[in-house]
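**Student:** Residues per chain, in single letters:
Protein chains: 2
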Amino acid sequence: MAASAFSLSQSLLSRSNQCNSSIGTNLDGASFVSSTRPSFSSRTCTRRWSVKSSRSAVKAAAVKIPEETDETLVEKSVNTIRFLAIDAVEKANSGHPGLPMGCAPIGHVLYDEVMRYNPKNPYWFNRDRFVLSAGHGCMLQYALLHLAAFDSVKDEDLKSFRQWRSKTPGHPENFETPGVEVTTGPLGQGIANAVGLALAEKHLAARYNKPDIEIVDHYTYVILGDGCQMEGVTNEACSLAGHWGLGKLIAFYDDNHISIDGNTEIAFTETVEARYEALGWHVIWVKNGNTGYDDIRAAIKEAKAVKDKPTLIKVTTTIGYGSPNKANSHSVHGSALGAKEVDATRKNLWWQHDPFHVPADVRKHWNRHVPQGAALEAEWNAKFMEYEKKYREAAAELRSLITGELPDRWDKTLPSYTSESPADATRNLSQQCLNSLVKVLPGFLGGSADLASSNMTLLKMFGNLGKDTPEERNLRFGVREHGMGAICTGIALHSPGLIPYCATFFVFTDYMRAAIRLAALSEARVIYVMTHDSIGLGEDGPTHQPIEHLASFRAMPNVLMLRPADGNETAGAYKVAILNKKRPSILALSRQKLPHLPGTSIDLVARGGYIISDNSSSNKPDVILIGTGSELEIAAKAGDELRKEGKSVRVVSLVSWELFNEQCDAYKESVLPAGVAGRVSIEAGSTFGWGKIVGPKGKAIGIDQFGVSAPAGRIYKELGLTVEAVVQAAKALC
Amino acid sequence: MAASAFSLSQSLLSRSNQCNSSIGTNLDGASFVSSTRPSFSSRTCTRRWSVKSSRSAVKAAAVKIPEETDETLVEKSVNTIRFLAIDAVEKANSGHPGLPMGCAPIGHVLYDEVMRYNPKNPYWFNRDRFVLSAGHGCMLQYALLHLAAFDSVKDEDLKSFRQWRSKTPGHPENFETPGVEVTTGPLGQGIANAVGLALAEKHLAARYNKPDIEIVDHYTYVILGDGCQMEGVTNEACSLAGHWGLGKLIAFYDDNHISIDGNTEIAFTETVEARYEALGWHVIWVKNGNTGYDDIRAAIKEAKAVKDKPTLIKVTTTIGYGSPNKANSHSVHGSALGAKEVDATRKNLWWQHDPFHVPADVRKHWNRHVPQGAALEAEWNAKFMEYEKKYREAAAELRSLITGELPDRWDKTLPSYTSESPADATRNLSQQCLNSLVKVLPGFLGGSADLASSNMTLLKMFGNLGKDTPEERNLRFGVREHGMGAICTGIALHSPGLIPYCATFFVFTDYMRAAIRLAALSEARVIYVMTHDSIGLGEDGPTHQPIEHLASFRAMPNVLMLRPADGNETAGAYKVAILNKKRPSILALSRQKLPHLPGTSIDLVARGGYIISDNSSSNKPDVILIGTGSELEIAAKAGDELRKEGKSVRVVSLVSWELFNEQCDAYKESVLPAGVAGRVSIEAGSTFGWGKIVGPKGKAIGIDQFGVSAPAGRIYKELGLTVEAVVQAAKALC
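Those sequence lines, one after another, are chains A and B.
Numbering of the first sequence is given in the working numbering, commencing with residue 1 and proceeding in unit increments.
Numbering of the second sequence is given in the working numbering, commencing with residue 1 and proceeding in unit increments.
There are no misleading hints in this set.
Pairs involving identical chains hold if they fit within one copy or between any two copies, as the list cannot separate such chains.
Pairs of lysine-lysine, DSS-like flavour, derived with a Cα cap of 30 Å:
1) Lys154 with Lys717
2) Lys439 with Lys412
3) Lys717 with Lys159
4) Lys91 with Lys340
5) Lys340 with Lys593
6) Lys717 with Lys582
7) Lys668 with Lys731
8) Lys593 with Lys91
No lab work stands behind these hints, which were simulated from the structure alone.
Here the structure is a predicted model, which means the values were calculated and not measured.
With these hints in hand, go ahead and build the complete structure from the sequences.
**Tutor:** Below you can see the structure in the form of structure tokens.
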């Protein structure tokens, strides 16, 4: 049975796979594709564009079009890219023309000469990945996807740039535009995602490549700008890229000296190259990024030859290249050129075409990527068939990583508990889940930001993933929470079957919040294992004690905030996290021991909220006590007390508000009947948001101040998170 | 009139100033204090401890105590520090002994030989600042404060380490322990705060020093560890420190090769020194930090000689130095040594004393800091008197920065508006406030993370604060939101009269959330100018559109979240932000134009919520419409519509939930009477939290999904944030 392109195309990643009507109609083994991977030299250097590379920065006003030769076609293609960007921004009267105009040469070389992809199947597994970390320059990428004949960016899409529900939003969005790998815009995220993509490649290559068949083998290319370079998350991720020796990560630093506030000199005078060398990168400088095509090509060749280090290619460009009055200034960064300057730029670059026009020879030249891409995929499919014959088990596993299909009965591996099981911290129970899951889920891997022994996240069967041990599955992120988060998004978006988890103390989600939000927006299934989830961590004090964090994530779209109370709920939380393929999950876990409560359930976690005990009838308890995580025990004990005094009491676990809100009204009414106003909630965190749940007559017990350094028991008592407080509040209500 | 120590002691900073009973009782000009600042050489090198410095790492098991000489006293002092840390952690059975044991020599040299401070007045303005960025090692700082006779850390405080409401919490907290400058623990924050402290010194020195009187002149010292070095915020802040040439910032990098997960080799293999050189720092390596006192002293001398660059002194130490079985391992990082190992360490270091014992000669040696510190302050006070005579105006201004006193009628400078004033974006109205305030508030300074022209934060009267223009007041942070936030906390905590503001797009608070939280915890008055506060920013799309951010900050303790609706409310928000000296404020401001609404008020912003229009009587409107920021206009228009149809309608601006919650019940009832269940809210953000305000029968109109890239008007319409929607919801309720 052939491995069809469709089944291996990661189509599950796409909201829009119905658009890919041509998927599966590949050419089979067209003769121009050799059976081995074309080397860089055979693919680019045989063409030897004779454009002369000048080592000095080219002034915008002095652009000359060379004679009609091959090199003219390159220039023409590059100018097509520039003007598609100019025209789209102009039509939208909004957007960022400067970067596409400056980086068009890099974009052209990458998409036309270097990268291996199949435009008619953007999800082909073994494609080279491209990330525009400077996401505001997205018209560069849309122009390239358009020229390369991706169905996602057709002519009408360019013309609806930045309009309601278009395929060409104001920043690249992976969930809107097939061909866009990750969602960028917030600076530094893209390069960090790219580190994750490159790490995923290195990891999978180490696990699945065989001496005779290299089945995983692609590059990850990035363009990042001065803004990305200033961001701390970039330094974190790039330090790890150097540490891991990600030789197939090639990043172009668009060194144009301009950021929104003007010349970068006003805030950015460090020596970027030296910093990257310190981080363990290979660094190359292309001094003329405006017309130095051969230099760009040579740099890529050199970068590929360096196999044990990632490469930063600093490319000095002119922002807004070609605009006679705005190039090399911040005024071209983030707004339309204006009709007059567009005209002047057209004249300056000898561009006589109407807006959005793609010259026929340029179109023809780029169209070859359709058969070429199909052939590349077909070639790889053939290779996969051979692989499947020789390495049946490995092939089946790899296939599951590519499609995202979960093994049958995978969830049966999750541990379950009874109320007699010994009390334990949910962070420890989480470790049991992690170590069970990794046995059945080949794409499960992850680690902590230097807190593995506190977060309890080590996978005991595996060693540390390192430069020379890329096949291992324990990731050691160091104290780099933000980089960790963004890297995991990259891993998750590399292949549907990869399930990264990452860990730190819950309070330090503050460091990685931007990455978590982008994972949510990007529909990336990352599992955040967040331990020490309350004042229950005790003596480390208020800098380490989360208060507002549960509320802050409950308010964030498309992320599941789960706070399991014991072993069964922890297992249930993992089950939910893995089944929710299009959103990340945050698990808030305790440092302190918790009992396994009667009535908790693995499966009911998926309901978000459910009854763990009740002695009422007719859905009319005197009072409903609601808890989450470590405070569910307090609610349960208070329930016992109140029942002794003759009350009818329901105790509810509200393990995930988002999931509960998604249930049908009848179910919600069965758990929290509108007619019961006597409601008391308890949670060791902000009461913000609980008002809606307990209602105007109910009482929310929580913490609306910072915590305190002291033993945990003392803090709970002093801050009033006690059984007595719940009992007292309940009695006042019924 | 003499400048009393009290009035210049920044006592407003302290929660605990009633403890400083000895403030104002300084010795006057004791003879051993020279009239000029003691140079490093006269203060340390004349003593010339003859401890031999070994360039190889000292093995823990082979520690020998030298003969009784001066050097013995240093060793004894250093071991006193070590054992105070060991004993306190042991008694608490919780804490981090490893760093204090390894860094005791640095700590000793700094606090006993180098730093200039007055232990009886921790708020003396011209003191050297010390920041323990590796805050978990706080017992180092507590031991030093104790030896130096700070009243904040007495014997009983050491014995109540990490206990309820002690002065010695689990991480250093400026609001609990006088002598602690900033609150640290979350890694990287301290070094970034220190950049702010050093920047404040350089700025004030440039503004107030005169050719004949150097009235501002102190160093900022930091200890940071491997963990801090990995954090991105550290790189951001240190890049700026290099850019600004902060020559009086001296950071000790505790290079002990151990982090929680073990040897740093598993995640951290970059070349830190080379990175700092790339960032523009001077770098020194002290290879034997365990006993190389002279090397430490020489490094500090060298660092002070480099005046145009900050210095990183990499000090190679042994974590847990002295513990025969746990030194140089992660097991000594974060838990008590245990009785057996404490005994072994006592033997190994020849320490025969009981727990918490300070040998008499060590005590005597350190006690000299009491008169010496008093003399330093008295000397400075005398200098200030002279300064005041010669430079009356500058002295008055500087005095106000030191005390935090605001000028009379400062708030009268704020602009006010009528409903006839031209519509404008609140970001522009904010700029009017900033430029008005800077004229009357000498401590007002700030800037943006490379979005000055979008955030509208430029101070037109001033230039850019740069390496050679430190007197200017426009800060250019580059694209470094996290570093920006933490630096501003440092500026705010330097002097009570400094009022830093910083700016980016509201959504990018995600990048700096950890810094904002620490500002809130630290009671630092930072003003966050956060523009582009909703989907109203339009085409940039969901990566740039805040949704959950308002809710997420409303849930955070001790921070004011303000969302002004127009000019008067923007001015009112600034007034509130400046008057709230013990908490930071976040201003969410619009990109789009907004009308000036009838009924808004500068002064009523302080109430958090108030009525802008009402045609009801007896506090019983048919319906209450509640809005914030840009949506207050929609609520007001809907009110007009409904009134036309005969309804009695109240329109309420809920500009700050925190402030409204702090009002008395009667006021709250007068705005949102319990008896009125017909309530509709509208806000272009998550409805999370609104349930409590609109009540079970009310309706909260908002956005509980990510935004979309499109023109703003289209998004408002498509997502249902319209006058019609409010009218419809209101009609359904009344």
